Amino acid sequence: MFSFIFKRISVAIPTFLGITLLAFALIHMIPGDPVLLLVGERRLDPEFYRAAMQRLGLDQPLYVQYWDYLRNLLQGNLGESMVTHEPVMAEFLKLFPATVELSLCAMLFAVVFGLAAGMLAATKRGTVIDHTVMGAALTGYSMPIFWWGLILIMLFSVHLGWTPVSGRISLEYDITPVTGFMLIDTLLSGEEGAFKSAVMHLILPAVVLGTIPMAVIARMTRSSMLEVLREDYIRTARAKGLSRSRIILVHALRNALMPVVTVIGLQVGTLLAGAVLTETIFSWPGIGKWLIDSISRRDYPVVQGGILLIATMIIFVNLLVDILYGVINPRIRHAR
Amino acid sequence: MQFELRKLMLATTLALLAGTTLAANKTLIYCSEASPSGFDPTRQVTGTDFDASAETIFNRLTEFERGSTQIRPGLAEKWDVSADGLTYTFNLRKGVKFHTTPYFKPTREFNADDVVFTLQRMIDKNHPFNKAAPADFPYVSDMSLDTNIAAIEKVDAHTVRVKLKTVDAAFLQNLAMSFASIHSAEYADQLLKTGKANQINTQPIGTGPFVFRSYQKDSNIRYDGNKDYWRKGEVQLDKLIFAVTTDPSVRYQKLQKNECQVMAYPRPADLKSIEANPKLNLLKQAGFNVGWLSYNVEHKPMDKLEVRQALDMAINKPAILAAVYQGAGQPATNPMAPTQWSYNKKLKDAAYDPVKAKALLKKAGVPEGTEITLWAMPVQRPYNPNAKLMAEMIQADWAKVGIKAKIVSYEWGEYIKRAKAGEHDSLMIGWTGDNGDPDNWLGVNLGCEAVGGNNYARWCNKEFNDMVVKARTLSNQAERTKLYEKAQEVFKRELPWTTIAHSTVYQPVSKSVEGFKVSPFGLNSFYGVTVK
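As given, the protein sequences belong to chains W and U, one line each in that order. If you're matching positions, the first sequence starts at 6 in our numbering and goes up one per residue. If you're matching positions, the second sequence starts at 5 in our numbering and goes up one per residue.
Hints are computed from structural coordinates only; laboratory data are not their basis. Here the structure is a predicted model, which is why all the values come from computation and not from measurement.
Per the computed footprint, the stretches of chain W lying under chain U, defined by three or more beta-carbons under 8 Å from a beta-carbon of chain U, are:
no. : stretch
1   : 84 to 92
2   : 155 to 169
3   : 282 to 295
Take a look, some chain U residues computed to stay more than 10 Å from chain W by CB distance:
no. : residue
4   : P77
5   : G89
6   : V100
7   : H162
8   : L287
9   : P305
10  : E310
11  : M397
12  : A403
13  : K474
If you anchor each label on the Cβ, the simulated ranges turn out as follows:
no. : chain 1 : residue 1 : chain 2 : residue 2 : range
14  : U       : S516      : W       : L192      : 31 to 37 Å
15  : W       : F7        : U       : R217      : 53 to 59 Å
16  : U       : A363      : W       : M58       : 49 to 55 Å
17  : W       : Y68       : U       : K366      : 54 to 60 Å
18  : U       : Y107      : W       : Y146      : 47 to 53 Å
19  : W       : L27       : U       : S516      : 46 to 52 Å
20  : U       : S277      : W       : G195      : 36 to 42 Å
No residue lacks a Cβ here, since even glycine has one placed at the ideal position from N, Cα and C.
Given only the sequences and the hints, what does the whole structure look like? Please build it.
Structure representation (structure tokens):
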């Protein structure tokens, strides 16, 4: 068991190093002069320019810059934002709860509706319902998030007026962040209507972000369910005269869930990638929007730090899923 | 009976009071385009930053009239300029209060110390406050204020004297610009003592129409209307909120849903729909900008006047205005905006005439098929929304008269750097006015000193330059106007540029908003504004 975990971790480390290298290199491949962006186009005094390059360490050879970067990283120092002069880590921690809140709600939506749709399709195999559900899942999976988000805003916010267009809460409410989770903070604030406003603001972005994972889960649930339904013990259960709903919900679903759980773990990466776009569309102040805004501001340290933190999180979650899976299913541990 | 009457009166009064508080609680939400990088205007350079600080929290000695380029008295009630134009004496306004917030309670009113602190800090790199909170002041050095101010003296509690080394006719205009916002010296002292000098950029204190309350990065900024504002009647909002919304289509959707009442930078594609929306007003103003094509007069064959004339008259300007600006602009004839004083109204463009252009080129001995480079900016700017398309159109126009233009583009920083080095033959660029002074157009972009800087034509004409330099040293506006009008004639005769267009600035606001004015400088201010 320990050797299994050790092996998994030893794979994760070079992956992490590779990502540091990528995060570092990426920023040097993006066009745009950080100094110019900082001081504006009107000011290009060569001496000032040199001084700024020096202060930012951009005049050093690349390998020196990389080495400094790694060294700082090992001390937990991701540098500070060129725009706000706040430590990148502190900014990340401040914005992270918003992303977690959104992702959890998106996941909740994806799991509930994905499982339901998948089960429905599996039990109605080959019927119009099956085809409709699977068609919808395929459409959802291929939907460009940006477009999908704007369509939903147009329909539900602008036309029907049911949901707000963007943000986490109506700006009438001035909620002091305690936990960083708006749903909890609004309850703590005791302001009337604040919680409802927060929920209304969450619905559309959670649906948009949850669409792709929902489609994946629906397809996975369907195929895994179909496989399980062919198994002997289902036939036995049926022969025993158990009710159809009991067979499906208790016997089949439990076993069909196994691969679905893995898929849910793997969707964490999709969620974080999707959050970047979703948060931008809905002005959701989380890490995805933070990253996009920083890219447009050419805020080098934030982009580097943000990419690294997100990538690290994905590696970590995948590692966790791997290990958990190994714990649950011993066959995985010994397989090559 | 009497008791009953009293009760009735009390109830009526209460009802009235409740009524007034309800009516008075006015909130305006502005969908802004980006997060400001800080709230200390002295160190900022973008309109986004200035809207969030200079236009809301602060005042300046002189200020621009709302929606105009004219200045009016600000924190300086009046001023005297010495006969030689070198000494400015400012009489400061009395009874102006700095904001009271949870992080600062002023013990005194605004006075000369605050002005001295603000100006000293801008020009003295070794100022104790600057040492504690190192920052660059790009605008101050761009305008050479740091080198041109010789002394700043406090004459008495409400009089400040500023001495200049050389005459600067635009000095009062410069002081009206956002970067010259007046800070509280008392607050700065307090910050310095507690070792939190940099807080001046995150927790600002000013005298302006709105009091800073809180800022959540990439989400919102909250202000309270300043109840003690010295300009009576200009603050009619109780709360002002900036909702940071980076996507223009989302901004528009929020405006439609009344989640905000004013939005920044609409997309040109949405303008028609905004205009048709009965709930919205689309305000517009001729932009205080100009987009143009510079000819590098140091390169052959653009060193010849006939060639420049030929290239100029070969360009089909109306076609460019229709395709590139999509109607949101007007043709430019002069190297400054039409709303700038001293704009020469008599000048005319040469008519579009490819036949005559071809003849001129032949006369100048330029063989058919001559190649020149045509630089196109890689970015969208107010004065040029689509440089690539414009370049392609000019390329086609020039091909008709036998000039082969090669379109060149670099990453924006690289573009500016190489252009300043003079690598181009012809180049697209533009300018947005900063302070409403003619020198801010003619001197900065066409003066001999600006060669190697913003003078991308590298055009140094003695006749023109002498007039501009002389005008800078005069304080009489009529005399200055005469010189600038003449200088524009020289410009139009010598054609170092083909001026292309002034773009129109659009500002969609909800119909419930009253008193909003579009700023020619592209700033957004909310004093004097109210919501129904």
